[in-house]
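Peer 1: Chains as they are written, first to last, in this note's numbering: chain A, 1 to 56; chain B, 1001 to 1093; chain C, 2001 to 2344.
Rather than coming from a laboratory, the hints here were simulated on the basis of the structure. Treat each hint with caution, since some may be false.
What the hints assert, rightly or not - Here chain A is said to cover these stretches of chain B; the calculated rule only asks that three of the stretch's residues, wherever they fall, bring their Cβ under 8 Å from a Cβ of chain A:
hint : segment
1    : 1039-1047
2    : 1050-1057
3    : 1084-1093
By construction, the Cβ of each residue, glycine as well, lies at the ideal position given by its N, Cα and C atoms.
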Amino acid sequence: MIATETFKPLVLAQAKARKIEPKLIVVKHPVGGLNAEELRERIETATQGLLEATKK
Amino acid sequence: MLIVNPTFGLAAAAGPTVALKPINWATDAIALMSNSKPNARELLEGVKAKLGAFRNVDNIEFHAKNSASQAAPKELIQAVAGKYRAALLALGD
Amino acid sequence: MTDIAEQEVIDIGDMDVETFNEFATQQGWSDGMPLFVPTEAKVAKFVETVRGDNRPYSPVPPRQIVPTIQAMAANAVMAGCKPEYFPVVTAAMRSVLEPDFNLHGTLATTHSCAPMVMISGPIRKELNVNCSSNCFGQGWQANATIGRALGLMLLNIAGAKPGEMDRSTQGNPAKFTFCFGENEEENPWTPYHVQRGFKPTDNVVTVMSGEGPHNLNDHGSTTGDGLLTTFAGGMATPGANTVYGKGPSFIIIGPEHAATLKRDGFTIETIREELWQRSRIHISRVSKGNLDTYASTGHEPEGDYLRIGRSPQDLHITVAGGPGKHSAFIPSFGGTMVACTRIQ
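Can you build the whole structure from these sequences, using the hints too?
Peer 2: Below, the structure is given as structure tokens:
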């Protein structure tokens, strides 16, 4: 799950309520309202996070 | 002094436990699930494009809720669960 | 929030009201205003008022726990309710638990929505609910505390803690309380709960997750047609969720405006149809970025206009307030419903 850092507490609280442990990739907030140049950094972070989380 | 706890509640009945099968992130089909907020699709498609350097991306497919403000319909969740071994969700704003 | 939710009754030792309020704030139980102490004895008086109503409650999202009557009563006590208000409070809770109300979405959203609570039927008089001048405002215990009790239940039972599960960007003063009564006595048409199929003698709570009231000021119009032009202009707001959420809205007509509309032959149905037609938003008032976003989730303009709902039936109309030339538009969260529950 890719979440912005601002929404991380919401994800964790919801996960706790459902008794699950989310596999979380956190990117900077926000995502909405960014232009393509600004969004590139979020994509890079998310991709690296995914590769890290799945290489095991 | 005895007070009644205003946060008290009873645990809801637990749903069925699902056994997860192992996932091969290098080859298995992946669902990209958008929360339908602006740029969520662009973010997920960007990740897909970058994954192209490491794996085949023809079986990485995009899905979205039909409303950012409402939960994904059960049919969509069931369809994704039936077709894919992994899903990458975008959550945020 | 400290996790002491496993115990329904807690021994907090000897505490005065001020110390209890410090304790409650530390626990995350407070909306920021002083609370009454939910002693077992006070809670028991509230529970007594709903004895016999054994219908189960659904799990409350986002926290996904099933509320107990005692815990709900504790929140009503803390809010400052009288025991006789409690059946209204529990009916409001049942309303927000309707699946299509989308409680989870309305609590976790960045939108400013708050649960608007409207009370209909004879109970308005029995509980001294303000339906007239300043009905959305301060000064009446029933209005102030019934709305507050629902807010506290959503904080403490649902878990909608601001900044954590409640992600509202700016919030809304209506999150403290937003409760009023229909002015059935000055409604020249049909009371809202009767429009929804209830009997005039039924007591009903209606809840919608909405913004605060947007005032519709019209002192100059001398015809119903003129008033509807003003109303529609105020409703055609590109910044409301209803532009793309396509959910319900309320139009709360002040009694003087209602009298003019009635005099000129308008009915609830013709007002709804006129407002539906006239409240369209021209695409020149909407940014390209927003239009593209709306289109990507299936909300295309009709020709050069966006609608503020899915159909005329998304416009809910009733009368409240006192003397004066003002009405109100209350747009909703969007992905929600207007839920009505008969008070037992």
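Peer 1: If a hint holds in the structure, say so; if it does not, say that too.
Peer 2: Evaluation of the provided hints:
1. Taking a C-beta to C-beta cut-off of 8 Å, the segment 1039-1047 of chain B contributes 7 residues in contact with chain A, enough for the three needed, and the coverage statement holds.
2. Here's how the segment 1050-1057 of chain B fares: 3 of its residues keep a CB closer than 8 Å to some CB of chain A, so the rule of at least three is met and the hint holds.
3. Here's how the segment 1084-1093 of chain B fares: 6 of its residues keep a CB closer than 8 Å to some CB of chain A, so the rule of at least three is met and the hint holds.
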